[in-house]
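Colleague: Under UniProt numbering, the first residue of the sequence shown is numbered 1, with each subsequent residue one higher.
Treat the hints as calculated values from the structure; they're not laboratory data.
Note that the structure is a prediction, hence the values are computed from the model and not measured.
Heads up, the beta-carbon is just placed ideally off N, CA and C, and yes, glycines get one too.
It is possible that some hints are incorrect.
[To be verified] Computed beta-carbon distance windows for the label pairs:
{"#": "1", "residue 1": "A7", "residue 2": "E39", "range": "32 to 38 Å"}
{"#": "2", "residue 1": "A7", "residue 2": "V45", "range": "29 to 35 Å"}
{"#": "3", "residue 1": "A137", "residue 2": "P10", "range": "15 to 21 Å"}
{"#": "4", "residue 1": "R144", "residue 2": "L23", "range": "24 to 30 Å"}
{"#": "5", "residue 1": "R120", "residue 2": "E39", "range": "20 to 26 Å"}
{"#": "6", "residue 1": "G79", "residue 2": "P151", "range": "22 to 28 Å"}
{"#": "7", "residue 1": "E113", "residue 2": "G87", "range": "18 to 24 Å"}
{"#": "8", "residue 1": "R120", "residue 2": "G43", "range": "18 to 24 Å"}
{"#": "9", "residue 1": "R103", "residue 2": "V6", "range": "18 to 24 Å"}
{"#": "10", "residue 1": "G43", "residue 2": "L170", "range": "15 to 21 Å"}
{"#": "11", "residue 1": "A122", "residue 2": "P46", "range": "28 to 34 Å"}
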Amino acid sequence: MAETSVARGPVTVRTARPDEHDLVGELTVEVYVGGGLVEPDSGYVPELRDARARAADTELLVAELAGEVVGAVAYCPPGSRYAALAGADEAEFRMLAVVERARGRGVGRALVEACLDRARAAGLSGLRLVTQHNMPAAHRLYERLGFRRTPERDWPLESGKHLLAYHMPL
C-alpha cells in the first residue's frame with residue numbers, strides 16, 4: 001500500500017515505514033508497561049514489541065508531532081489475524097499507544113480517526129476495539145468519538161478480567 005499522510009491539526013498520521021517497526025514496538029511497550037497498563041513479565045509484552053509482525057498483517061499507523069513519532073496503532077482490516085472481534089464486514093484497531101509527553105494534543109484522536117477513515121473508505125459496516133479497565137482516558141476518547149460499549153463482546157482474559165469491547169457503526 002502506498003504511504004499516505006494525513007495532517008490533523010499539528011498531528012500527521014501515516015503508515016509506518018519498515019525502518020520504524022522497532023521504534024513502534026518499543027514505543028508501544030513503553031506506553032503499556034511504563035504506563036502501568038500491563039506487567040513487565042506479561043506474556044503480552046512480546047506481542048506489543050513485535051510491530052514488524054503487526055505490520056505484516058495490519059496497516060501499522062504512526063502519528064508524528066513536529067516530525068517525531070509519538071504514537072501508533074494497528075488498523076486491522078477484515079481477515080487480519082489481529083482482528084479478534086470484528087465481523088466479516090468490520091475492521092478493528094489494536095494496540096493504540098501515545099507517549100506520555102504527547103498526550104492531550106490530539107494524537108490518540110487522530111490515530112482513531114485514521115482508522116475510522118480507512119474503514120469508511122473500504123465500505124465496512126463498523127469499527128471495533130477492546131480496551132482495558134485501567135484506561136479511562138481512552139474510554140472517554142472512544143465515547144466522545146461515538147463508540148458505544150458492547151459488553152456482549154467483552155474479551156475474557158486468563159486472569160479472570162475482561163477487556164471492554166466498543167463498536168462504532170459506520
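Colleague: All the hints need checking, so say for each whether the structure fits it.
Modeller: Hint-by-hint comparison with the structure:
One distance hint, 32 to 38 Å for the beta-carbon pair A7 and E39, holds here, with the actual separation near 36 Å. Between A7 and V45 the beta carbon distance is about 32 Å. The supplied range of 29 to 35 Å therefore holds. For A137 and P10, the Cβ-Cβ distance of about 19 Å falls inside the hinted range of 15 to 21 Å, so the restraint holds. The hinted window of 24 to 30 Å between R144 and L23 holds, with their beta carbons roughly 29 Å apart.
The given range of 20 to 26 Å is broken by R120 and E39, whose C-beta atoms sit roughly 36 Å from each other. The beta-carbon spacing between G79 and P151, approximately 26 Å, falls within the hinted interval of 22 to 28 Å. With their beta carbons about 21 Å apart, E113 and G87 fall inside the hinted range of 18 to 24 Å. A hinted range of 18 to 24 Å is violated for the C-beta pair R120 and G43, which are about 34 Å apart.
Taking 18 to 24 Å as the suggested C-beta distance range, the pair R103 and V6 conforms, at roughly 20 Å. Taking the beta carbon of each, G43 and L170 are about 33 Å apart, not inside 15 to 21 Å as hinted. In this structure, A122 and P46 meet the distance hint of 28 to 34 Å, their C-beta atoms being roughly 30 Å apart.
Violation of the numbered hints given earlier is confined to hints 5, 8 and 10; the remaining hints are satisfied by the structure.
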